[in-house]
Amino acid sequence: MTSERDAILAALEPVVDGIVATFGDCCEVVVHDFRQPENSVVAIAGSVTGRSVGGAMSEIGMGLLARGDAAEDQLNYITRTAAGKMVKSSTMLLRDSQNLVFGALCVNLDLSGLTQVQQLLGGLAGVAAPAATTTFGDDIDLVIDSIVDSRQLDHGRSWAELSREERLALFRDLEQRGVFAVRRAVPRVAARLGISRASAYAYLAETKENA
1 MTSERDAILA
11 ALEPVVDGIV
21 ATFGDCCEVV
31 VHDFRQPENS
41 VVAIAGSVTG
51 RSVGGAMSEI
61 GMGLLARGDA
71 AEDQLNYITR
81 TAAGKMVKSS
91 TMLLRDSQNL
101 VFGALCVNLD
111 LSGLTQVQQL
121 LGGLAGVAAP
131 AATTTFGDDI
141 DLVIDSIVDS
151 RQLDHGRSWA
161 ELSREERLAL
171 FRDLEQRGVF
181 AVRRAVPRVA
191 ARLGISRASA
201 YAYLAETKEN
211 A
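Everything in the sequence shown is counted per the numbering used here, starting at 1 for the first residue and increasing by one.
By construction, these hints were calculated from the structure, which means they are not laboratory data. Glycine included, each C-beta is placed from N, C-alpha and C at the ideal position. Take these hints with a grain of salt, some might be off.
Below are the SDA-like pairs computed for lysine to any residue, each with C-alpha atoms no more than 20 angstroms apart in a straight line [unchecked claim]:
no.	residue 1	residue 2
1	Lys88	Ser112
2	Lys88	Gln74
3	Lys88	Asn99
Ranges of calculated distance between the beta carbons of each label pair, as one might list FRET restraints [claimed, not checked]:
no.	residue 1	residue 2	range
4	Arg197	Leu142	16 to 24 angstroms
5	Asp17	Ala160	48 to 56 angstroms
6	Val53	Ala205	31 to 39 angstroms
7	Arg80	Ser199	45 to 53 angstroms
8	Met92	Ala160	18 to 26 angstroms
9	Ala11	Gly156	46 to 54 angstroms
10	Leu162	Ala205	14 to 22 angstroms
11	Ser47	Pro14	33 to 41 angstroms
12	Asp25	Pro187	37 to 45 angstroms
13	Asp17	Tyr201	30 to 38 angstroms
14	Gly156	Arg95	35 to 43 angstroms
15	Ser163	Thr22	49 to 57 angstroms
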């Protein structure tokens, strides 16, 4: 099974280069290996998100990882990078001969050149085009920090001000987003929340028990 998956990933490498050559500098294509989320990028062409081979998966990828074989392709969604770049993306899952998910092929298109036109048309139509901010990068720790920070902002209060139920809900949400599928994630989350590792492990264990 490992050799089959490796063969599929290897076969996609020239496809990555071909797609970017077709669409030009506004395009980036990435192949992810979900077996190693901390360094999931095994092939990449283009530089829309600034990642390189050996880089980490994004928040979108971590969410798909958490859903496992029940995950579905995510097509034509819009995100905004931390630097403000608007990106249109499609993430297509890779499955082996047993229909098990093990990776993804992602296409990212930089829409920055269309931003002014979009804003003009949106203003004329009286509508806005919302885009969720996401984190792309080679460092999985930065992705984890971003997810934890965004969940805390949703609460609008510090960890110390949250009730036990809200703390468990926060850990449940992080679990569902695939954060804890990453090695070293629990200590990283604990540090970001300002709690002990023991407390973090305890909340995670209780979350899984009540799942």
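Taking the hints in turn, this is what the structure says about them:
1. Between the alpha carbons of Lys88 and Ser112 the distance comes to roughly 10 angstroms, so the proposed pair stays at or under 20 angstroms and holds.
2. Among the hinted pairs, Lys88 with Gln74 is consistent with the structure: their alpha-carbon atoms are about 11 angstroms apart, no more than 20 angstroms.
3. Of the supplied pair hints, the one linking Lys88 and Asn99 is violated, its CA atoms being roughly 27 angstroms apart against a limit of 20 angstroms.
4. The hinted window of 16 to 24 angstroms between Arg197 and Leu142 holds, with their beta carbons roughly 20 angstroms apart.
5. The given range of 48 to 56 angstroms is respected by Asp17 and Ala160, whose C-beta atoms sit roughly 50 angstroms from each other.
6. Between Val53 and Ala205 the beta carbon distance is about 35 angstroms. The supplied range of 31 to 39 angstroms therefore holds.
7. Judged by the Cβ atoms, the range 45 to 53 angstroms given for Arg80 and Ser199 is violated: they are separated by roughly 33 angstroms.
8. At about 42 angstroms, the beta-carbon gap between Met92 and Ala160 misses the expected band of 18 to 26 angstroms.
9. Taken as a hint, the range 46 to 54 angstroms holds for the pair Ala11 and Gly156, whose Cβ atoms sit roughly 47 angstroms apart.
10. One distance hint, 14 to 22 angstroms for the beta-carbon pair Leu162 and Ala205, holds here, with the actual separation near 18 angstroms.
11. For the pair Ser47 and Pro14, the beta carbons lie near 18 angstroms from each other, so the given range of 33 to 41 angstroms is not met.
12. Range check, Asp25 to Pro187: about 39 angstroms between beta-carbon atoms, so the 37 to 45 angstroms window is met.
13. A hinted range of 30 to 38 angstroms for the beta carbons of Asp17 and Tyr201 is inconsistent with their spacing of about 43 angstroms.
14. In this structure, Gly156 and Arg95 meet the distance hint of 35 to 43 angstroms, their C-beta atoms being roughly 40 angstroms apart.
15. The supplied range of 49 to 57 angstroms is met by Ser163 and Thr22, whose beta-carbon atoms lie about 53 angstroms from each other.
The structure is inconsistent with the numbered hints 3, 7, 8, 11 and 13, although it conforms to all the rest.
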